[in-house]
Amino acid sequence: MIERPRSTLVELAGLTYGYGSEAVLEDIDIAIGCGEFVGIVGPSGAGKTTALRVIAGSLRPAHGRVERRADLRIAYVPQVETINWSFPVSVRECVLMARVGRDRRLPWSSRAERAQVAAVLARLDIGNLADRHIRELSGGQQQRVFIARALLGEPELLLMDEPTSGVDVRLRHELLHLLDDLHARGLAIVLTTHDLNGIAAHLPRVICLNRRVIGDGVPHRVLTADVLERTYGASMEVLEHGGMPVVVDSFRRHAPHPHAPHVAHAPHASDAHRSETPA
Amino acid sequence: MIDELLRPFDFEFFRNGLIVATMAGALCGAIGVYVVLKGMSYIGHGLSHAIFGGFAASALLGVNFLLGAGAWGIASAFMINAVTRRRVIGSDAAIGVITTASFALGLALFALFGRAGTNFDAALFGSILGVGADDVIAIGVVSLLAGTLIFLRYRALLFTTFDPEVADVAGVNTARIDALLTVVLAASILATMQVLGVTLIAAVLVIPAAVARMLTNSFARMLQLATGIGAVCGFVGMNLSYHLDVQSGPTIVLVAATLFAAVFFATGINGRRRAAGLMAS
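In the order they appear, the protein sequences are chains A and B.
Following the numbering used here, the numbering of the first sequence begins with 2 at its first residue and continues without gaps.
Following the numbering used here, the numbering of the second sequence begins with 9 at its first residue and continues without gaps.
Hints in this document: simulated from the structure, not taken from any laboratory.
Treat the hints loosely; a few may be bogus.
Which chain A residues face chain B? A few, computed with CB under 8 angstroms, are given here [claimed, not checked]: (1) Phe38; (2) Ala57; (3) Gly58; (4) Tyr77; (5) Gln80; (6) Glu82; (7) Ser91; (8) Ala99; (9) Ser111.
All C-beta atoms in this analysis are idealised placements derived from N, C-alpha and C, irrespective of residue type, glycine included.
Put together the whole structure using the sequences plus the hints.
This is how it looks when you write it as structure tokens:
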């Protein structure tokens with residue numbers, strides 16, 4: 002039983018959502034509080050993105066209740082794979098989209114808006130890229146553009162769908178530091194991830210989801226062999242390193258070939274990453 | 009030589025046709041930017057065929073063409089919009105059924121009851137001869153409507169076109185924006201049908217936007233360029249139509265296609281890469 006945060010931003014209660022007759026989420030109870038930093042993990046098709054969309058309000062549930070604090074400002078950063086990188090927008094044009102529906106209706110931006118865009122881009126270390134086309138950037142810079150767009154909307158809750166999908170270790174570290182900094186400034190963040198060791202284990206709260214909530218709490222209580230097996234349907238071992246859980250794939254050959262060369266089974270993060278996304 | 013080029017301006021029908029063709033090119037160029045970037049080209053193509061059914065029915069019933077075909081077109085637009093958003097069945101298949109059935113109905117009505125004095129070929133391929141003052145007023149009203157929509161809802165249209173899901177979360181009523189865009193598209197097709205013809209309107213929606221995309225990476229500049237390119241193609245195409253004695257629709261489309269080919273080769277690999285991205289969207 003998860004204690005309800007003192008100041009709740011969004012609460013899903015007894016929520017069920019399905020595409021057609023098939024339920025993707027069933028009987029979900031999740032509350033997101035002010036200033037929380039939450040990671041949602043689970044196998045492909047577990048309903049992580051759907052849960053994020055329900056929290057964002059772009060999907061309406063079939064059953065159950067979704068309550069958002071009145072006037073809550075939510076920003077959503079989609080998976081980079083869903084972005085049309087050929088769309089003709091510069092970084093500035095892309096970030097300015099966040100000002101839609103604000104006081105100004107004119108097509109062109111005001112001096113104040115341009116200053117705000119420049120400030121948010123500088124804060125994310127991409128201030129020199131404002132006039133570049135979004136496709137001309139590196140993976141990390143592209144991710145920052147969409148975070149900049151989200152931040153320009155001055156959100157209280159930032160939702161990110163697979164922000165580390167397809168990025169290398171250095172970019173993952175950069176992103177984690179950036180999100181940590183934003184969280185330290187009071188922004189509530191909910192992200193989905195496949196990366197148990199690189200991301201989820203570093204967060205204050207992890208939700209294991211596979212159609213239902215299997216586990217919810219601090220990583221060392223949630224990232225356990227039992228919860229992970231029930232979440233992923235595959236056995237995993239959980240070690241401890243520096244006080245943090247480290248998930249390793251416990252796959253073993255049934256009968257090693259007698260002439261096969263000996264290969265040490267290193268408990269490496271990437272092994273766990275592969276193991277959690279069954280084909 | 010100059011006298012020969014200016015001679016058609018002595019005729020009122022040509023002046024009307026030239027105004028309508030130039031405005032039609034500009035209007036389709038601007039709306040076409042949203043159509044191609046949202047991957048709605050097949051909707052534009054289908055909608056123009058659907059409106060032909062309304063054109064035939066209103067001609068036979070003696071109803072004003074703009075009112076009859078307009079109501080038919082708006083109804084088709086809402087139906088297509090609903091099918092596309094709800095994804096009840098595959099949108100390509102549903103739109104194909106709705107629009108081609110409507111087009112076939114138009115052809116069948118003309119075959120069964122005769123053409124009742126209506127210029128059948130003009131509706132299909134466009135003609136300068138049938139353009140009157142009411143067509144000038146119609147294209148003016150639709151252009152004003154489209155221009156107002158683009159000016160006042162520029163940011164919401166851009167956000168919805170680029171990233172509809174996030175736009176929805178940001179508070180944009182994307183369903184309403186899509187509906188407005190589809191209605192303006194239907195009205196644009198209706199207002200330009202006399203000059204361009206239902207079978208060729210889709211090309212005037214797509215080509216100026218594609219040419220503009222090859223020339224720029226900025227959305228705002230693409231919108232301005234496509235509007236200008238459409239207007240120039242309409243103006244030049246209508247003049248050529250008179251002098252070559254070829255229907256206006258094909259001539260305008262051929263001018264646009266020639267410009268596309270020239271820009272395609274002139275912009276080299278960069279232009280081709282941008283155009284390839286456009287087709288993929």
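Quick rundown of the hints versus the structure:
| no. | hint | verdict |
| --- | --- | --- |
| 1 | Phe38 | violated, 19 angstroms |
| 2 | Ala57 | holds, 4 angstroms |
| 3 | Gly58 | holds, 6 angstroms |
| 4 | Tyr77 | holds, 4 angstroms |
| 5 | Gln80 | violated, 10 angstroms |
| 6 | Glu82 | violated, 13 angstroms |
| 7 | Ser91 | holds, 6 angstroms |
| 8 | Ala99 | holds, 7 angstroms |
| 9 | Ser111 | violated, 12 angstroms |
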